[in-house]
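With chain F's structure known, arrange chain A on it following the hints.
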Amino acid sequence: MMRTRARTFSRPMMITLGLAVASVVAAGCSSSSNSTQASGTSPAGQTVPTAHLPVLQKIGKGEGQLNLIAWAGYLNPLWVKPFQQQTGCQVNAKYANTSDEMVSLMKNGGGGQYDMVSSSGDADLRILYAGDARPVNINLIPSWKQFFPAFQSPPFNTIDGVHYGVSLQWGPNVLMYNKKDFPAAPPSWSVIYDPKYKGKVTVPDNPIQIADAALYLQKHKPSLGITDPYELTQPQFQAAVTLLASQRPLIEKYWALASQEIFDFKNGNAIVGAGWPYQVSTLRADKFPIGDAIPSEGATGWADTWMLAAKAPHINCAYMWMKYISTPKVQAEQAINYGETPDNKLACGYMNQMQAGSCALYHANAPLAYFHAIKLWKTPIATCDNGKPDCVPYAQWVSAWNTQVK
Amino acid sequence: MAVTEAAAPAKPATQDGVWSRVSAALWRRPWARATLLLTPPLAWFLLIYLAALVVLLITAFWQINPFTTNIERVWSLTNFQTIFSSPAYRQIILRTVVIAAAVTVTDAVVAFPFAYYMARVASPRTRTALFVAILLPLWASYLAKVYSWLLIFTHGGLLDWSLGKIGLSQVHLIYTNWAVYTVFCYLWLPFMIIPVYAALERIPSSQIEASQDLGARTWRTTRLVLLPLALPGIVAGSIFTFSLTLGDYITPLLVGGTSATFIGNIIYTNIGIANNVPFAAAMACIPIAIMAVYLLAARALGAFEAV
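Taken in sequence, the protein lines are chains F and A. First residue of the first sequence? That's 7 in our numbering, and the numbers climb one at a time after it. First residue of the second sequence? That's -3 in our numbering, and the numbers climb one at a time after it.
Same shape as in the complex, but just chain F (with noise of 0.2 Å):
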C-alpha cells in the first residue's frame, strides 16, 4: 500500500533550509588545508621548513605538563615517576602503533597539541620535511657527548648539522618463536614462509614489513640485487610484495597493537611470528616459553629519537624529558625493561649492575658488525642513493600492502 505525501515545506522550514545552504557553503569554500608543497617528492632540493626557527637558549622553569607520543613500553613508571617527581612536568602519554600514526598525530596534534615523539628512522624524514618539527640546541643536553658517534647526529634526526631531537635508543625487529614448539632457535627466516607453520604465523600489520621480505631475498634471491632493503626497484618490490602475500595463508592475524601478538603467543594462536623486543621482555616477565633470535639473514631494526614538535607547547618540560632520558642510568632501565640498545656508552655499566650480563645480551657494548647487520627502517622514497629515480617510494608500499598483501 503506497502512501502519497504531499510534500509542503513551510516557511519556517525554508528559512532555516537557506541558512544551512549559506553556511554548508561558505564551511567548504573556506576549508583550511595544509600548505601546499610542490610535487617533487625527492628531498634532495627540499628544505626543512623549520630549520631557521630559533632554539631555546636556556631551560627555565617548567610548565607543569608534558605530551608525549610514544611507543608502548617507552613510558614506563619506573622512570617517569622519578622525572615527575625531580622535574614537576606531569608526563601525558599518547601510544601509537606504526611509524605512519605517529607521522599523522604530528601533522594533525602538531598545531600545539603533543610535545615530543619518540618517532624512528622511517616517520623521521617525513615529520622533519612535513615542518611539524623544530630545531634543538643539543647543548642543553649534557648526556649527548657520551652517545656512540653513530647515534649524536644521524641522518634521520640532524639536517645540515642542525638538531631535530636527540637520539634515544635503538633494537631489531626480531624472530619470536615458542621454545615448546622450537626446542632450538630457527636459524632462518624462512620458517615464517614455511607453508608447515600455516594459521600459527604472525607478523606486524605494517607496510614496512616489506622491507623484511626484501632482506629475505636479498639473502635468497640474490639474482634480483637488492644491496638495501628501503631501495627496491619495481622488480624487486614486486618479488618481495608476491611473497608476502604467498605467506598470507600462513598467518593467522596480523598485529596492529604489541598487546595483540602477546595475546595470540600467549594462548596458542601463534607460534612464530616477527615482533618487537619489548612483545618478547613482557611474555618473558610472565614466564612465557618465549625465544628471540636473529636469523641469519640479518633483521630489519629501528633507531628512535625523541623529536622535538614544532609547536610544543611546553618547550622547557620537553628539554627537561630529553636530558633525563640521555642519562646513562636511564637509558640503562629503559634498555632493560624494552629490551633494546641504548645510545649512551656509559650505559653498559648501569645494566650489568641492574641485571648481570645484560649489556651483551642487549649489545650495548656490540662491535659495529652487529650495527651493520640491522638494517634500520628509513622512509622509502623514489630517489635511490645512486641517485636514480627508479626506487617505489612509500605511497606505492602502503597501497600494495593494502590491496596486495592483505
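Keep in mind that the hints are not guaranteed to be accurate.
[To be verified] Rough simulated footprint, nothing fancy, chain F against chain A, three-plus residues with beta-carbon under 8 Å:
| id | segment |
| --- | --- |
| 1 | 151 to 162 |
| 2 | 233 to 241 |
| 3 | 250 to 259 |
I should point out that these hints are in silico values taken from the structure, not numbers from a laboratory. Positions of the beta carbon are idealized from the N, C-alpha and C atoms, including for glycine.
What follows is chain A alone, placed relative to chain F:
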C-alpha cells in the same frame, strides 16, 4: 473566604511595552516562533556536523604529496578511480555490505520472537526484567564486549573448553569472518529488539483476533497480519544494524583475521596511519552513498511513519 488577591505588582510601563510587543509580534507570526526555536539546534547540526563532513568529503577530490603527506588542492577523480578499478577494494566493499546484510537478517530473525514475547506475552514484571537484560550490555564498554568475545573464541578459550566438555572437537573461529559476524550480531541486537518491540506493542490485538475469527491459524496470521504491521519497526531496527556494521572497524581489527578488512579499516589506516586523508574521504563517500540508497528504500517501506 476569598483570600486570593490578584497579586500582580505594577510593572514599569516600558518593560511591559517591549516584552508585550515582542510577544504579540511572535503570536501573530507563527513562522517566526518556529524559526527561533529551530535555529539553535539546526545551526549546531549544520555548522558542527554537516559542515565538518563537507570539509572532509571535499578532500576526496584532492591529492596528497606522497613524501610529506601534505594535502595538495589539485581537483581530480583519481581517488574514486583507484577504488573502483582495484579488485581488492571492490572486494572489501562487497565483503562489508554482505556481512552487514547478514548481520541485519540474523538480528531481525533473532529479535522478532524475542520482541514478540516481550510485547505481547510477558507479564509487566517479566517485561521489565527482559528490558534490563537487553539494555544492560549497552552500559558496558564496546571494547570490553569485543575482548570478551576474543576470550570466548580464542584457541583453548571458553568455546573450545565447552565443546571439549560435551565431547566435540575444537572449532577454529578466532580471527575468521564468522567471529566478526557473530560479534556484530551480538553488539547490535539491542538496537534491533527495541524498534521491533515498539512496533509490535502498537498492534491492536483486535486485528489478530479478527484474523483468527476469519479462520487463519498461527503461521498465516503471523505472515499476513503481524509481519506487515511490524515491518516498519524491523526496517527501523535494520537501519541501525546495517549502518553500524557498515562503518565499524574496531571489531574486524580485533576479532577478524587476514581477510576481514572492512571499509572502515581502509579509512582508518588511510587517515590515521598513511595520512592519506583524500583517499580516506573518497572511501568514506561509499558507505554514505550506500546508506542514502538504503534510507530511501526504508522510507518507501514505511520505516519513518508514525502509525
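Please count how many residues of the segment 233 to 241 of chain A have a CB within 8 Å of a CB from chain F and say whether that reaches 3. violated (count 0)
Verdict on chain F covering the segment 151 to 162 of chain A, criterion of 3 CB contacts below 8 Å: holds (count 3)
Are 3 or more residues of the segment 250 to 259 of chain A near chain F, judged by a Cβ distance of less than 8 Å? holds (count 4)
Checked against the numbered hints above, the structure breaks only hint 2 and satisfies the rest.
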